[in-house]
Amino acid sequence: MYSLTKTFPTQEVGSLKKPEWLLELVRNKQISDSDKSKARNDAAYLNIKTLEDIGLDVLYDGEVRRVEMYEYPVRYINGFEFAGLVRSWDNKYYKKARCVDKVAYKTNFHSDEFEFVKESSDRMLKVPVTGPYTIADWSYNEYYDSKEEFVYDLARNVVRPLMMDLIKQGAQVIQIDEPAATTHPSEMKIFAEAINECANGVDAKIAVHACYSGNDYQALAPYAAEMKADQFVLEFANRDTWKLGITDEVRNGYSALKSLKEHGFNGEIGLGVVDVHVDEMEPPELVRDRLLYAEKILEEPTKIYVNPDCGLRTRTRNVAFEKLRRVVQGAEMARNALK
Amino acid sequence: MIKTHALGIYPRSTGLIEATRKNDKKLSQLFQMEKKKLIREQQKSKLSYVCDPLLDWDDMFRPFSNMKNVSLGALNRFFETNTFYRKLVINGELDDSSRIVKSHLALSLLPKNKEIAVSMPDPYTFADLNENNYYKNHTEYLFAIAEMLKREAKALAGAKVGLIQLHAPSIAYNADKVDIGVIKDAVERIKNGLKTKVYLHLYFGDISRIFSKLLDIKIDGLSIDLSCNNLNSLVDYKVDKGLCLGIVNAMNTKMEDVKATAKILSNALDKMSPREAYISTTCDLQFLPYEFAVKKLSRLGAIGRNVQFD
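Quick note, the sequences are listed as chains A and B, same order. Take the first sequence: its position 129, counting from 1, is numbered 129 in our numbering, and each next residue is one higher. Take the second sequence: its position 137, counting from 1, is numbered 137 in our numbering, and each next residue is one higher.
Okay, chain B solo, but in the shape it has when bound:
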C-alpha cells in the first residue's frame, strides 16, 4: 500500500457548466455542493490526502489576479493542450498580504480526520507563463514571486495543510533550457523554515536528463509525470527524499490496469528506495470530462492499495 492524492483543478460537471453559463442565482451554493461531491469521491477512492477540487479556479493563476498590482491579460494556450489560461500582467511590487491561495480554498469542506494537500504554481512556472512589467530582470522577478509564494505557503501551513505541491510544468517542459541553480534558489525559499511538506510536481515534459540536479533541491520531494518519462531512465537513481509517481494519466480516458501498473511501480520504488512515496495523477484532472475524472480517482485508489512499498 502506498499513499495517494490527486491535486489540482478538477473538471466541472455538466450541470455546473450549464449553471455557470446561465449565471444561476444559486451558483456559489452549487459550487460548494459540487466541491463536496468531489471531496466525497476522493474519500470513496480512499485517497490518503484530500484536497479542494478548485472548481471555481478558471486556471492555476486566476486567483492571483486579485492581488494588488496584478491585472488579467490575454488568453494563452496552456502548453500543448487545447486548454487556455489568462496571462497575468505584473504591473508593480508583489507585496500582497491577503493570502490569496488560502482565501480561495474551501478548507471548511475538507474532512477533519484526513490529511490535507494543496497545489499552487511553482515560482518558475509562475514567472514563465505570466508577464512582468515591473521587475528589472528575470531573477528579481522570479525571487519576488518566490517570496510571495512563501507567504502563501506559510498561511497554508498555519491552516494545517500537510502537503504543498508546487505545480511546475514549465520546468519539465523546458527541461533542456532551464537554469536549475536559479530554480533551486527560488524553490528552496518557499520550503526554508516551513514544516509542511513541499513537493515539486514536474509534468508535461521529460525530466530524466536533469533528474540528478533536481534531486539536489532541498525540499521534501519530487513528483514526476510518468506519461512523459520512461521509468527505466529514472530507476537507477537513489532518491534520498520523497518521491511521487504520477501514474494515472489525466490526459487520456484510457483506464490503467490496476495489477500490472502496481507491479511496475512496486519494482521501481524498490530500486529507487525514496524516503517516502506517493502515487498521483499525471496532472490536473481538468483535462478529462467529469465522469472519467471520477473513474480515474477510483483507479488511482485501487492502484495505490496494490503497490508494495515499505
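Same shape as in the complex, but just chain A:
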C-alpha cells in the first residue's frame, strides 16, 4: 500500500531545526498572529522545496510549526495540564504535563499543516504524529489506574481519531513517532498493542519510528511481525562503525535486521544511515555500504527505505541538509551497485 516501486526510496524522519529568523519572529510580541502564520508558511515552503531539491522521494515540512513533538500535541488533547519544566540533560528542559482526566480528542491539530504541505508538494508525503506510548510515558499519570489504560485510551481516543481525520484529508502515509517505545523493554507488549489500536481500520500506510534502543531492538523484534506497521523507521547508524564494507563485523550497528527477520517481520524498514548526533559527514560510500549490507540481510531493496536515524533538529540546517544529500547520493550509489 502506497509504496514506491524504486529500490532504496529516500525519506526524512521528521523534525528539522527551525530557521533563526522564524524563531526571532515568533517570539516577538510586536508581530501579529497573522504575520507569524505567514512566516511559518514561508519556513514550511522553504523546507519542502529544499527537501525536494535534495531529491528525497518521501518528505514533509520539517515539523516547522510544531514547538516540540510532545508539547505540541498535548496542548490539543483534553485531560492534560502542563506541570512545568523537567530536565532532559544539563540545562536542557522540556515541558511535562500531568494527565488529570480521561483523555479526549478535540480537533485535528495537524490539519492546517497537512493542507499546506499537500498543496506545496507532489512528492509522497509522510505525516508524523506522536504516538500514544510516548505521550503517556513522557507525562505524569494522575488519572488512570495503570499505564496500560492510559496508553490504550490515548491510542483509541486520540491518536486513531487524529489519523482518521488526516486520512479523510488525504494522508496516505502516517509515521507514528515512538521514541519512548524502547526505553522500557518490559512494556513492549503495551506499545505493540497500542500501535495496533491506532492502526485498527485505518486505510493508510503506517510507519512506526523508534530510536536509541538500549538493547539493540531485541525487545521490539519479537513483536514486530504482529504489529500493524507497514514500515519500521529505525536508528542504526549511531551504533555502527564508519568503516566501509558489508561484512557483519564492520556493519555491527545493523545486527538487529537479522533479529527482525528471524522473528518473521517482512515489512519495510526505514534504515537509519546517517547519525543525527554528530556533525561529521558520512561519505556516500558509507551510506551505500550500509544499504548493501541491509539488502544482503533482507534481500528486498524495494522494502528498504533510506533515512537519517531520527529527526535532524539537533543539527544546524546546513549540516542537516548536507546529511540528507549524502542519504540521496548513497542510495543512488547502492542502486547502481545492484544493477
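One should not assume that every hint holds.
Here are the simulated DSS-like cross-link-like pairs (lysine-lysine), alpha carbons at most 25 Å apart as the crow flies [unchecked claim]: (1) B:Lys-22 to A:Lys-17; (2) B:Lys-254 to A:Lys-95; (3) A:Lys-189 to B:Lys-177; (4) B:Lys-22 to A:Lys-18; (5) A:Lys-102 to B:Lys-254; (6) B:Lys-238 to B:Lys-271; (7) A:Lys-95 to B:Lys-22; (8) A:Lys-258 to A:Lys-296; (9) A:Lys-92 to B:Lys-26; (10) A:Lys-92 to B:Lys-87; (11) A:Lys-6 to A:Lys-339; (12) B:Lys-160 to B:Lys-218; (13) B:Lys-218 to B:Lys-271; (14) A:Lys-92 to B:Lys-36; (15) B:Lys-37 to A:Lys-92; (16) A:Lys-36 to A:Lys-118; (17) A:Lys-147 to B:Lys-22; (18) B:Lys-25 to A:Lys-92; (19) B:Lys-68 to B:Lys-150; (20) B:Lys-254 to A:Lys-92; (21) A:Lys-95 to B:Lys-37; (22) B:Lys-112 to B:Lys-102; (23) B:Lys-22 to B:Lys-3; (24) A:Lys-106 to A:Lys-168; (25) A:Lys-147 to B:Lys-68; (26) B:Lys-271 to B:Lys-3; (27) B:Lys-259 to B:Lys-3; (28) A:Lys-29 to A:Lys-102; (29) B:Lys-22 to A:Lys-29; (30) A:Lys-92 to B:Lys-295; (31) B:Lys-197 to B:Lys-241; (32) A:Lys-95 to B:Lys-295; (33) A:Lys-92 to B:Lys-271.
Honestly, the hints are just simulated from the structure, not real lab data.
Since chain A is already given, all that's left is putting chain B on it; use the hints.
What follows is chain B alone, placed relative to chain A:
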C-alpha cells in the same frame, strides 16, 4: 513521628533555567540564592535532615569529571527516565585527593542547628554507568571507585555530615543480575572505620528477591524505593539495621494521602522493627517540576509527623 529527608538533585526553578541559558553574569550568586530558598523549604517542611539541593550538579557524576584522569563522554539515558547523564571516561588511576563531593557542596548555607545529610553515587552504580579505560578488570575498577568514595566520605565526616546516602539505582535496577558479594565488599570499604551513618539507597527497581542478602551488608541502613517495591513483600523481614522508606514519589506529580500513607508505614515499621527509621522521597526530586518538588517536600514532612514509630 519519624525522621525525614529528601536527598539528591533538586529541580531548577524556571528563573534559574532561563538565567543559565543566558549565562547571566550573576549566575553563581543566583545559584546560591536558589539553594538557600530550597534549604528554607526543607526547613519549612520540618525535615529532620537538611541537604544541599545540588542545583549546580548537572547529574550525579558530573562533579567527578573534575578529577585527574577522568573526562566527560557521551550522553546516556538515565535508566528508564527521559533524563540523560554524561558518562565519565576513566583514563587513569583514581587517586584524586581534592575531595570532589565536599568541594561541590554549599555546606556554609546549611543551618548549624540541623543535621546534615549528603548523597553520592554508590561504587557499583558509579562503575556500572561510567566507562573504564584503565583498570584491568571490573573488580579492580569497582574497588578503586570504592576507595575513592571512601576518601570522599571521610572528608564529609570531617565536615560534620551526619548521614551519607549512597545512591544505588544500578543495584536495584539490575537486582536479578548483581553479585551481592562484590557489592558488599565495595560498600563496606566506605563504611569501615567511619562514624558517620552510611545508607544504601536502592531505587528504580524491585529488590525484594535480594533483600535478605542486602541486609547482610555491614552499613547503617538500607533505603528502599516503594514505588517499585510492594511493602507486603518486605514486611516479614526483621531488619537489624536502619531502614529508610522512600514513600513520596518523585517520579509523579500525584500527591500522597497523608493519613492513609502514614498508617501503612506505621504498620510496616511495627512489623519490621528496624533499629532506626526514616522516610524520604523515592529518588531525586529533579524528575519533578520545581513547584511540585516543593509541594512534595511539604507532603513528606506531613507524612513524617503522622507516622508512629518508637
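(request) Sort out which numbered hints this structure fails and list those numbers smallest first. (result) 17, 23, 25, 28 and 33
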